[in-house]
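Participant: Order-wise, the sequence lines are chains A and B. Under full-length UniProt numbering, the residues of the first sequence are numbered 1 to 338, in order. Under full-length UniProt numbering, the residues of the second sequence are numbered 1 to 271, in order.
Hints listed in this document are in silico derivations from the structure and should not be mistaken for laboratory results. Incorrect hints may appear among the rest.
[Said to hold, decoys possible] Interface residues of chain B toward chain A, partial, derived using beta-carbon atoms under 10 Å:
{"#": "1", "residue": "Ile106"}
{"#": "2", "residue": "Leu107"}
{"#": "3", "residue": "Leu111"}
{"#": "4", "residue": "Lys163"}
[Stated by the list, open to error] Derived CB-CB ranges, DEER-like:
{"#": "5", "chain 1": "A", "residue 1": "Phe234", "chain 2": "B", "residue 2": "Gly208", "range": "28 to 38 Å"}
{"#": "6", "chain 1": "A", "residue 1": "Gly157", "chain 2": "B", "residue 2": "Thr168", "range": "25 to 35 Å"}
{"#": "7", "chain 1": "B", "residue 1": "Ser167", "chain 2": "A", "residue 2": "Ser65", "range": "24 to 34 Å"}
{"#": "8", "chain 1": "A", "residue 1": "Phe234", "chain 2": "B", "residue 2": "Ile106", "range": "25 to 35 Å"}
{"#": "9", "chain 1": "A", "residue 1": "Pro67", "chain 2": "B", "residue 2": "Gly208", "range": "52 to 62 Å"}
[As the list claims (entries may be wrong)] Over 10 Å on every C-beta distance to chain B, these chain A residues come out as not near it, computed from the model:
{"#": "10", "residue": "Leu35"}
{"#": "11", "residue": "Ser43"}
{"#": "12", "residue": "Ile60"}
{"#": "13", "residue": "Cys158"}
{"#": "14", "residue": "Ile175"}
{"#": "15", "residue": "Cys208"}
{"#": "16", "residue": "Gln212"}
{"#": "17", "residue": "Gly215"}
{"#": "18", "residue": "Ile275"}
{"#": "19", "residue": "Gln327"}
Just so it is clear, CB atoms sit at the ideal spot from N, CA and C, and this is done for glycine as well.
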Amino acid sequence: MITMQKLKDLGLNHLSEAVLKRLTQNHIITLLDFLQEDEMKLSALTKLRLNVILSVRAEILTKFSAPIINGTTLLKRISETRTVLNTGILSLDSILLGGIPVGYITELCGLAGSGKTQLSLQLAVNCARRLENTILYIDTKGDFSAIRIQKILDANGCSHKDMAEIMYRIRVVHIWTMEDLVELFKSLNDKTLIINNLALIIVDSLPCLMMQYIGDENKIGFNLLNTLVNYSRFIGNQLNVGIIYINVQTRWIDNDILDVEDDDMSSALREPTYIEKRNRCLGKYWQNIPAVVLLLEKLEDSATDKDSAQIKVTVINSNIARNVNSQCFLNLNALGVI
Amino acid sequence: MKSFKIYNATELWQRETSLPSVATFSQSLDNMLGTAGVQLGSITELLGLPGSGKTQLCLQLCASVQIPKDLGGLDAEALYIDTNTNFTISRFREILSASLLRCQSILEGPLQVTEDQALDKLHYVNAFGLEKFCAFMYTLPKFVEAHPNVRLIALDSISYPFKEGISTKQRTGLLFRLMADLQRIAVENQIAVVLTNEMSTRVGLASGAVVGSLGDAWAHRCNARVLLSTPHQHTDVSEPTHRLALLLKSNVSPSAVARFQITAEGIRDVE
Numbered sequence: 001m002i003t004m005q006k007l008k009d010l011g012l013n014h015l016s017e018a019v020l021k022r023l024t025q026n027h028i029i030t031l032l033d034f035l036q037e038d039e040m041k042l043s044a045l046t047k048l049r050l051n052v053i054l055s056v057r058a059e060i061l062t063k064f065s066a067p068i069i070n071g072t073t074l075l076k077r078i079s080e081t082r083t084v085l086n087t088g089i090l091s092l093d094s095i096l097l098g099g100i101p102v103g104y105i106t107e108l109c110g111l112a113g114s115g116k117t118q119l120s121l122q123l124a125v126n127c128a129r130r131l132e133n134t135i136l137y138i139d140t141k142g143d144f145s146a147i148r149i150q151k152i153l154d155a156n157g158c159s160h161k162d163m164a165e166i167m168y169r170i171r172v173v174h175i176w177t178m179e180d181l182v183e184l185f186k187s188l189n190d191k192t193l194i195i196n197n198l199a200l201i202i203v204d205s206l207p208c209l210m211m212q213y214i215g216d217e218n219k220i221g222f223n224l225l226n227t228l229v230n231y232s233r234f235i236g237n238q239l240n241v242g243i244i245y246i247n248v249q250t251r252w253i254d255n256d257i258l259d260v261e262d263d264d265m266s267s268a269l270r271e272p273t274y275i276e277k278r279n280r281c282l283g284k285y286w287q288n289i290p291a292v293v294l295l296l297e298k299l300e301d302s303a304t305d306k307d308s309a310q311i312k313v314t315v316i317n318s319n320i321a322r323n324v325n326s327q328c329f330l331n332l333n334a335l336g337v338i
Numbered sequence: 001m002k003s004f005k006i007y008n009a010t011e012l013w014q015r016e017t018s019l020p021s022v023a024t025f026s027q028s029l030d031n032m033l034g035t036a037g038v039q040l041g042s043i044t045e046l047l048g049l050p051g052s053g054k055t056q057l058c059l060q061l062c063a064s065v066q067i068p069k070d071l072g073g074l075d076a077e078a079l080y081i082d083t084n085t086n087f088t089i090s091r092f093r094e095i096l097s098a099s100l101l102r103c104q105s106i107l108e109g110p111l112q113v114t115e116d117q118a119l120d121k122l123h124y125v126n127a128f129g130l131e132k133f134c135a136f137m138y139t140l141p142k143f144v145e146a147h148p149n150v151r152l153i154a155l156d157s158i159s160y161p162f163k164e165g166i167s168t169k170q171r172t173g174l175l176f177r178l179m180a181d182l183q184r185i186a187v188e189n190q191i192a193v194v195l196t197n198e199m200s201t202r203v204g205l206a207s208g209a210v211v212g213s214l215g216d217a218w219a220h221r222c223n224a225r226v227l228l229s230t231p232h233q234h235t236d237v238s239e240p241t242h243r244l245a246l247l248l249k250s251n252v253s254p255s256a257v258a259r260f261q262i263t264a265e266g267i268r269d270v271e
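Please model the complete structure; the sequences and the hints are all you need to start from.
Facilitator: Put into structure tokens, the structure is as follows:
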């Protein structure tokens, strides 16, 4: 806590040794004590003039307020750091206008078996193949398959030496509860856990943890989710990494009544119409948290090539409005996702 | 401060390939699964209508886990969690003897195990009803600690305990908590988990009205899902019934179909 810092450690103007000693004798030790005390009383205690006391207060506020940056500096800062992380898949990069946004939360969602895990394994591989990037893969349902990673690399003609190096840079941690996930992000945040050259964090999957709280009255899951989001945003910014969360879709059926214009038809002839609706999990709060949401849909298997599946990827939500609704098609086969 | 064990993918690869999978005794099924059987450390869900062979496949796997190391097996034990009293010991004995005989004939020598010893390698729990089931699941870590050679947990079926006495929301929460605990045990101790699940009807879905029960969120939870079906039932008993298995979802292999049959000996390929 900033307010609990000791006055003497801050090196403020006008507060000489003698003044600090007098303050301490009167139990004014921390920043908070100083700010909460009456100005007149402080003036009397420290034998400083009232305007000096006020200027010390102003100094404290300036020192601890969030800094103001002008537009030029901001623009310069952005151009100097990486802003997107190439996915290594051309069509995906193009709908994402360059790649996965760094410093933000990206969501991959889709029905079970739509290829979310396969795409994230591929992203881990592609990202680790370039430069010295390290990837942290947070596995909450035992879906990470090193065998699959090795097969993808092998199918792409990777040498054993390269394979070992790439696989060394993909780090995997198994997390089974929301508390542990928050704890992990906390340790990344306070630097008790340091991963060098970290470029991408993948959480596969968040609903597996959050759904453990469904049916609880106390809503503690949402409290943890909120903390997690805050840590994620902070880490994304501080460490300059992309963060991908995997979410699922569920379906429900709406039994709609046909249009009113069909009134002349006898109601007995009407077929009930069922409309399948899809819903992103994790609740209302989460819906607008990710900067980019990618929807994955597995298309019907083509009859010609049974070992290959097509995945349609759509940007359904984006803080860069230009790419919403853009689509691309990816192939999932023995070579991975391309 | 909690410390987290972070592996790199190379370490995990060594771990994943250090032990073989649990074979099904059907080459076609093994190939479809892509890992030469049911993978250790992951949860495989068997779906299908009644009579499609879910329990039979579980029994076969409980026998397969005993394949001796000389034949590339695990020489291990199995835990069978029975929630709907589908298990019959006489049928298991039949499959187990046939499996061991098969191993003997390949090895061209007698196995160093008697039938009683082999039967002792199956641990059976009848967890009938939600309370008994949950209570047992909470004691599972202790059981696994006391039986380090268990490499397979068959749970037949996962949906049965949840049929009544619990709201849908509570069910989802409880299921995900139980599965997180179960998979932690499976991953840390290299145990394969096989679950069976019933089918249910949801009218109006674009992909077809008959789906696995427990909902879409549950479909997300398992690492592999296999749908078993019997498209043509023969009326003539002497003809073997061809059965199909479809891999709906997997983290290692593409979607594929396998053909198998259930004989007196257990699960076998269609000749």
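Participant: Check the structure against each numbered hint from earlier and tell me which ones fail, lowest number first.
Facilitator: 1, 2, 3, 4, 5, 6, 7, 8, 14, 15, 16, 17 and 18
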